[in-house]
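Go by the hints and put chain B onto chain A.
In order, the protein sequences belong to chains A and B. Just so you know, we're using the numbering used here here: the first sequence kicks off at 313 and counts up by one. Just so you know, we're using the numbering used here here: the second sequence kicks off at 677 and counts up by one.
Every clue listed holds true.
Not the full set, but computed from the structure, chain A residues with beta-carbon under 7 Å of chain B:
no., residue
1, 560
2, 737
3, 784
These aren't lab readings, by the way, just hints derived from the structure by calculation. Think of the CB as a built atom: it goes at the ideal place given N, C-alpha and C, for glycine as much as any other residue.
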Amino acid sequence: MRKCFRFLSLGLIAVLLGTLAIGAVGAQDETVLVLGVDQEPERLSPLNSLVQGGALEQFYARNVWDWDTERNIYPIMVEEIPTIENGMVTENEAGNTVVTYKLREGMRWSDGEPITSADCEFGHLVYTDSSTSANIGRADYAGAVESFEVIDDLTFNVVYAQPYPDYASNEFSNARCRYPNHILRPILEADGSLDQTSYFTAGEGVVGYGPYRLAEWDKGQSITFEKNEFWDGQEPAIDRIIIRYIFETAQMRNAMETSEIDLTYLIADPQLPEYEAIPGVAVWNVPAVLADAVWVNTAEPGHPALHDVRVREAIAYALDRPAMADGIIGAGTLVPLSWYPPSLWYDGHPYREYDVEKANALLDEAGWVDSNGSGTRDKDGVELVLRFYTTTRQDRMDYQLLIQEYLSAVGIGTQPIPTSATILFGNFSARGFFAAHDFDLALFANSAKALSPVGDPDTYWCTAIGSAENPDGFNGMSWCNPEYDELDAQISRTIDPEERAELVQRAQELFYEGAFWHGLHVRRNNFAVNGDRWDVASFEDMGTLTNNFFQKAEFWQPAM
Amino acid sequence: MTQYIMRRLLQAIPLLLIVTVLIYGLLKAVGDPLAHLANDPLVRAEDRAILRRSLGLDDPVALQFLHWLIGDDWHQRDLDFDGEPDTYGERRGVLRGDFGESFRFGRPVTQVIGAVLPNTLILGVTAYIVTVVLGLGIGIFAALRQYSFLDNLITTISFILFSMPIFLVALLSVFFFSVKFQEWGLPSLPTGGMYDVRGDRSLDELLVRLILPVFSLAAISIARYTRFVRASMLEVINSDYIRTARAKGLSERRINYVHGLKNASLPVITLMGLDIPFILSGAVVTETIFGWPGMGKLFIDSLTILDPPVLIIFVLITAVAVVLMQLLTDLVYAWLDPRIHYN
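Excised from the complex, chain A in its bound form (with noise of 0.2 Å):
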């Protein structure tokens, strides 16, 4: 027994060892950059709910144009970006608006496949016809474009369903040119639809027009990029970008600390502190388009002193937003004034200041105060203790405690209460908290269109409040103002920017006034990236969208 334990415990000590000498790093003789990344896209495109999906399309599927950090316009697959001063945007003779595209000559498919009309026609197919695929983000497309016409191989118009001011800053409602038609109009043809065909489910034989080529996808592990020899813009200066899955935050972090990441992004406010103390990597960050708030119901079946907006106004008022703010996430965060982007805010826009004493005031005034000693407000017999919903993530869980405590002060009750983010955002029929009006406050993130210039939010009109009739409606707030809904689709076909900055000016003064939406923070992009490996300065100009963080990926450099 003793000989036989002797020889298996050096036996495992010789393995031990073994192993560890094998797992000296090895020498590389490519230029190769390992991207660690958190969440594993379900599939590729078209649908993606998550936006490391989105981001990942940017190494091999480039838009027709996007935006920089400065959010400036620049072409990608067109000659020029269609103006009306070019002559590229017009209006047909109902008065709706015509856009113009000319697709850059030579361009051509990661497979060698010309890029043509017919591919952004297959496109509009998609983007417009549901039987196509149940998986399709199709975001505005459909109901903001009514016809595709070909012109030639590089031409087409695309023709709006009204006059259209966001056909160049909706990145949804623009030309689709990113799926190959001779690749996937054969299988919809053959299969009735593109739901269950391996090129989304498992990435294969995926062809884009980016700097680089999907090579591979090694589910749960990794995917690999590789230089697209048909890509006609800048040539990259890295072979292969590697993306590493690595699902737990310590482990990235460590992952970074040994070299086996270069880069990483979407890295939480907390833990920035870390990556900055790792010797030789380089941190920053760029606005980003979400924004946390407190959400608010203001009718049944939420808390009935919530019906009254004094009260709503209230709950802004006895908040020191920016304290949190700089607390929770960091010095110098800024505070939403509206769910527009900022782009859209105006001078004077109007913003309910931390005052404990006009919060008091204005409970007292709808009649709402502490009668039984109990330390919370109450009328007629009904406490004023709100049920408080968030998910899970910790920045807004810490968030609701300091929410209990600003509200506690003014002598309104709170129930914390973190969920799954099924359940608070299931959809009516399912129950889900938020849907179903089934909550008093809630706090969770909104993305705003950060480039339009028309704003964002017909998902919060009348028309879209949840109900049996209307199992989808995202309406949690039951907030209505048919005024309101009146302007949005008013600014929505308005070109003219003065006037619509009027309009949009008008309804950011509806929406403030209806105090439903109380802003917390605006997010921020956060990178980390090691600078002993990598040029810091050539990586620095990530995307302000959801989706383009890494535009300029070929333009990336290894250090000097």
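Same frame as chain A, now just chain B:
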């Protein structure tokens, strides 16, 4: 014996049916599988509605369960929302060998699970073998040297490891063997992943990357087995028949490993038998921390995004494995202990 096995297998059918009904009901109660699309500005409400209907999520729960069981190719749905049912379903149901399609991946559940099951088996079986070999060895070693310094040391280490959560063991092992070893200029182990993404996916790479997850999984289990084997072995070697064997002049080796270990192994077999099914279900924490694409990671992802077709098959596989392993354990009892008969 054959009759006994047949009876146990037949008894398992209603049990598995009850498990399935319960899990199906629970999964329906915990949320909306399409909730992640609800506030996605890319996904139109009408597309969500079509998706919901085509997946059968609009049907009453009992009907959904029936479809899962026997298929929906006999049931028409109104997919174009014109008020008239127009399209037959395409599922054939579990009883006809169709285990459904993952909502998340858009691929058959068998493919989704089949892709990760081998990875889980590599990790789980390795950790299991290491656990059983070392757990038995150390447990016997400690029992045969009761109250010695080494026994006390093993007991102390066992209690410490046994009290530690697995994520702590995993993260500490990475911190020392990956991060600190590299900092100190020693050969270090990788932080995670099954292969080096820059490498050639050789067996060497796999072995290197197995070390830390296997260590994390096995460390706590070895502590548990050690305590169990030690207690069981002590009970046996202090019994009358061992004393008799010793009086008859049998060698210590024969007494300990033939007469002692065989009888001490009955409770240990129970423990081993109950652990095997959970190899299949993967190690959620370890796989997540080490980026090991296995069943545990699949389970937690499927639960997060609520992918019922995957979850229910996952639970069903585990339930079947538990039933089979319990049967096998009972049969091993009869082999080890002649007093046990099932006829």
